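Undergrad: As a plain string of letters, each chain reads:
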Amino acid sequence: GENVEQHPSTLSVQEGDSAVIKCTYSDSASNYFPWYKQELGKRPQLIIDIRSNVGEKKDQRIAVTLNKTAKHFSLHITETQPEDSAVYFCAASTNSGGSNYKLTFGKGTLLTVNP
Amino acid sequence: NAGVMQNPRHLVRRRGQEARLRCSPMKGHSHVYWYRQLPEEGLKFMVYLQKENIIDESGMPKERFSAEFPKEGPSILRIQQVVRGDSAAYFCASSLQLAGVHTGELFFGEGSRLTVL
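Same order as they appear, the protein sequences are chains V and U. Note that my numbering has the first sequence beginning at 11, numbered continuously upward. Note that my numbering has the second sequence beginning at 1200, numbered continuously upward.
Worth flagging that the hints you see were computed from the coordinates, not collected in a lab. Honestly, I wouldn't trust all of these hints.
[What the hints assert, rightly or not] If you want the footprint, here are the derived chain U segments under chain V, 3+ residues with CB under 8 Å:
1. 1239–1246
2. 1304–1312
[What the hints assert, rightly or not] Residues from chain V that face chain U, not an exhaustive set, calculated with beta carbons under 8 Å:
3. L21
4. K52
5. P54
6. D59
7. K78
8. K81
9. F99
10. K112
11. L113
12. T114
13. F115
14. G116
15. G118
Since the model is a prediction, treat every value here as computed from it, not as a measurement. Positions of the beta carbon are idealized from the N, C-alpha and C atoms, including for glycine.
Based on the provided sequences and hints, a complete structural model is requested.
TA: In structure tokens:
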């Protein structure tokens, strides 16, 4: 089955700096890669996703890049703000015939943005 | 749209008791997933259901755990004879299929936190 590795496990940055979180996956058939943000005691919420037919996607201060050859993808947050502090999870899944999006998650990165 | 609703939010059980966790998907969503999250861990897939069907239960322990998504009513994750190792947050997620195509995005509920004493 799919295996997703995520690094680093913790990341501390100063407000205004950039943050980068990296993930690798094992199943070359994986074709959907979402990123979720989870605040303490809250639900995971999708912040951005990318499919295997594109290499990069950007949404305001957040961007995701995908390298299918190397089987890794990364989350980039620019101009970080204290409210970006949370746990971020990457995930990967294979859409087999459009019927199952079973996500395999990384173990998460605790991002702390210091004012 | 009220989103994915889970209850109870917190549940305390003694070893050997049963735990029942309920999940109502977002309106119009026909796919339900259950995930378990241990402290400082990622989300581990347990089971994927559509109405009246278990599609994939490869992540669910073979014993004591069961799940259903009946034609009417919420999806239920049932844990029999709970043990301390079952203490975790259990998240339900739902997703939408449009014109036969799965959109991919999972919408999570707030989770049910089970504590086994």
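Undergrad: All hints are to be evaluated individually against the structure, with a verdict given for each.
TA: We went through each hint and held it up to the structure:
Note: the segment 1239–1246 of chain U has 6 residues with beta-carbon separation from chain V under 8 Å; the three-residue rule is met and the coverage holds. With 7 residues having a beta carbon nearer than 8 Å to a beta carbon of chain V, the segment 1304–1312 of chain U meets the requirement of three or more and the stated coverage holds. The beta carbon of V/L21 comes no nearer than 15 Å to any beta carbon in chain U, farther than 8 Å, and the hint placing it at the interface is violated. A distance limit of 8 Å between C-beta atoms decides the matter here; for V/K52 the minimum to chain U is near 7 Å, and the interface restraint holds.
With its C-beta approaching chain U no nearer than about 5 Å, V/P54 sits inside the 8 Å limit, and its interface hint holds. Nearest Cβ of chain U to the Cβ of V/D59: about 7 Å, under the 8 Å cut. The hint holds. Hint status for V/K78: violated, given a least beta-carbon distance of 17 Å to chain U, over 8 Å. Because the closest C-beta pair between V/K81 and chain U is about 18 Å apart, greater than 8 Å, the hint is violated.
Hint status for V/F99: holds, given a least beta-carbon distance of 6 Å to chain U, under 8 Å. Checking V/K112 against chain U by beta carbon gives a least distance of about 5 Å; that is within 8 Å, so the hint holds. Proximity of V/L113 to chain U holds as hinted, the smallest CB-CB distance being about 6 Å (cut-off 8 Å). The criterion of a C-beta within 8 Å of any C-beta in chain U is met by V/T114, whose closest approach is roughly 7 Å, and the hint holds.
Annotation: interface hint on V/F115 holds; nearest CB of chain U at approximately 4 Å, less than 8 Å. With its C-beta approaching chain U no nearer than about 6 Å, V/G116 sits inside the 8 Å limit, and its interface hint holds. Proximity of V/G118 to chain U holds as hinted, the smallest CB-CB distance being about 5 Å (cut-off 8 Å).
Against the hints set out earlier in the document, violations occur for numbers 3, 7 and 8.
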